[in-house]
Amino acid sequence: MTVPALTLLGAMLCALALTVGRSTFSVDLDLSGNRVTVGERAAGRITVRNTSRRRLLPAQIEMPVGRGAADFHLPSLGPDAEHEEVFAVPTTRRAVVVVGPVRSVRGDPLGLLRRRVRWTDPVDLYVHPALVSLQGAASGVLRDLEGQATRVLSDSDMSFHALRDYVAGDDRRHIHWKTSARVGQLMVRQFEDTRRTHTAVALSTALADYATEDEFEMAVAAAASIGVQALRDERELTVLAGAGPLRTDSPPRLLDDCSAIELALEGRGGDQLGTWVARSAADASVAILLVGSVPTRQAMRAQVRHLPAGVRTLVLVCAEGAALEVSQHGTLSIARMGSLADLPRVLRRVVAG
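Going by mature numbering (1 follows the signal peptide of the UniProt record, and there is no 0), the letters in the sequence shown line up with residues -17 to -1, 1 to 336, in that order.
Honestly, the hints are just simulated from the structure, not real lab data. The reader is advised that the hints may include incorrect statements.
[Stated by the list, open to error] Cut-off 25 Å, straight-line C-alpha distance, at most; resulting in silico cross-link-like pairs (SDA-like, lysine to any residue):
| no. | residue 1 | residue 2 |
| --- | --- | --- |
| 1 | Lys161 | Asp148 |
| 2 | Lys161 | Gln173 |
| 3 | Lys161 | Arg172 |
| 4 | Lys161 | Tyr149 |
Treat the numbers as computed from the prediction; the structure is a model and nothing was measured.
Given these sequences and hints, build the entire structure.
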């Protein structure tokens, strides 16, 4: 065997000795919390402990963080010794950031061989959209029905409105005897119709509907803010975005799903939102459709025609930097806003009519 061959063989044997062998680590990946809002600090910690009775050789620790990766040097650890690394997760954009799995990497100095061992499962970090408080501002739009009267009057519901003269066929159980005795004729209670509010929020995810990515982020944040307020007010809620209905059993889960919404070339656009709501939330009493600055008013009005008659509808046009505008057309309101901070004012103006 020639000298070069012997040299190569020796190098390979050394590489094998450095990479092959059992690593007895205990690795813990811990995030300070798996839910944050855009811009908030998100930190995590990796703790590696040597669970063997012998000293372990140094290794490299690698961990995917979203589309990037973090690398740490693990020094030689004696029996039962620990090493800890603290890391930060970028939260500048709304997203579901997959952190991990944590892997150890061992190799020889010449780079001939590398051995990776996976130690943890990946963990999802939900970067929620920014929210704007709608306490009070949204009440007139979202709270029209259970416990809040409409202008439709009936004689058999729960909300007492006024008294009127008795006419043949009225339910005698509704006669107000004290007033009848005072005025000398039968008077009956008249009731206001009360129905439960079902709010449907539909968000366009079509790339063609938005002039910029920031417009889309504004629309997502507005949809999330409205949805969270509806849930806090204990109203029935349907949120349609992306592949289908989002989870609405609690605000955190709704926001988790909002973190994952993405623009798509073939996403449902403003020209499909009305039909989507009519199909998925046919009993909705309030419909809120969110789009970017590209769809025309005529196109959005056409979509509203697909909604059941009488549904109070708000079309929110998110146009970055635009002046706030609100126009009313019967039960339809079309609003244009330039920032998320405009949303409470939009809703107050819609309520005021």
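Do the hints match the structure? See the list:
{"no.": "1", "hint": "Lys161 to Asp148", "result": "holds, 14 Å"}
{"no.": "2", "hint": "Lys161 to Gln173", "result": "holds, 15 Å"}
{"no.": "3", "hint": "Lys161 to Arg172", "result": "holds, 12 Å"}
{"no.": "4", "hint": "Lys161 to Tyr149", "result": "holds, 14 Å"}
In this structure, every one of the numbered hints holds.
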